[in-house]
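Colleague: Fit chain B to the supplied structure of chain A, relying on the hints for placement.
Quick mapping for you: the protein sequence lines, in order, are chains A and B.
Per this note's numbering, the first sequence starts with residue 1, numbered consecutively.
Per this note's numbering, the second sequence starts with residue 1001, numbered consecutively.
Treat the hints with care, since some could be wrong.
[As the list claims (entries may be wrong)] Straight line, CA to CA, 35 Å or less: simulated DSBU-like cross-link-like pairs of lysine-lysine:
#  : chain 1 : residue 1 : chain 2 : residue 2
1  : A       : K98       : A       : K71
2  : A       : K57       : A       : K71
3  : A       : K98       : B       : K1070
4  : B       : K1070     : A       : K71
5  : A       : K68       : B       : K1011
6  : A       : K15       : A       : K58
7  : A       : K42       : A       : K15
8  : A       : K5        : A       : K71
9  : B       : K1011     : A       : K42
10 : A       : K42       : B       : K1070
11 : A       : K57       : A       : K15
12 : A       : K98       : A       : K57
13 : B       : K1057     : A       : K57
14 : B       : K1011     : B       : K1057
15 : B       : K1070     : A       : K58
16 : A       : K98       : A       : K68
17 : A       : K98       : A       : K42
18 : A       : K71       : A       : K42
19 : A       : K68       : A       : K15
20 : A       : K5        : A       : K98
21 : B       : K1011     : A       : K58
22 : A       : K58       : A       : K71
23 : B       : K1070     : B       : K1011
24 : A       : K58       : A       : K98
25 : A       : K68       : A       : K42
26 : A       : K15       : A       : K71
27 : A       : K5        : A       : K57
28 : B       : K1057     : B       : K1070
29 : A       : K42       : A       : K5
30 : A       : K5        : B       : K1057
31 : B       : K1057     : A       : K98
32 : A       : K58       : A       : K5
33 : A       : K5        : B       : K1011
[Unchecked claim] Calculated from the model, a selection of chain A residues having no Cβ within reach of chain B, i.e. all distances over 12 Å:
#  : residue
34 : V13
35 : G16
36 : G17
37 : Y32
38 : R51
39 : F66
40 : K68
The set of hints was computed from the structure by calculation and includes no laboratory data.
A quick note: this is a predicted structure, and the numbers were derived from the prediction, not measured.
Idealized CB from N, CA, C, for every residue including glycine.
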Amino acid sequence: QQQVKQSPQSLIVQKGGISIINCAYENTAFDYFPWYQQFPGKGPALLIAIRPDVSEKKEGRFTISFNKSAKQFSLHIMDSQPGDSATYFCAATDSWGKLQFGAGTQVVVTP
Amino acid sequence: DAGITQSPRYKITETGRQVTLMCHQTWSHSYMFWYRQDLGHGLRLIYYSAAADITDKGEVPDGYVVSRSKTENFPLTLESATRSQTSVYFCASRPLAGGQRETQYFGPGTRLLVL
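Okay, chain A solo, but in the shape it has when bound:
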């Protein structure tokens, strides 16, 4: 059973549009919520991360929104570019630093 549920499985967005990926978790012991970006043939790489005491974090065109009471968090990609086409994974980390990943979302940005 997946401890972090991610949706949608895939999405297609036009260049300049907004991509939104949602994740939900159950374990309240999770204390760090990173997003990883993965290009074909490559390993995942950290994109942006948030702690549960913060409701929003923005880095460039990427924003995480975090709702602790609902146990949900989401990634927004503003002004999506073709170079953003990748698979995105949400994750949650427990006190041991072990990552629980969501199933991933394949994002395709059309020109």
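Modeller: For chain B alone, kept in the frame of chain A given last:
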């Protein structure tokens, strides 16, 4: 170049054979991890290690063995490969402490096909 490397990058083997996937990191990170990536499952933790000679099971350890005699190396062995172990395997590492202690750094992966 410093970083985390995996070998081989591609491997084809047959059912029942023993296969060892290698992982090497040059950062002297304390923690190392092995994941498998399958469509629809994301990445699932197989084994992890907190330091040399300290290893523990993750979510899907059955059929796999690890060892860590040196900090920089963390090999993963499939003792008797099965078709269900066809997957992409990623090694990762992270430091014990410091501002980036939660960030895991991933290798490029090994694509394994078991016939």
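Colleague: Would you list, in rising numerical order, the hints stated earlier that this structure does not obey?
Modeller: Hint check: 4, 5, 15, 21, 37, 38 fail, others pass.
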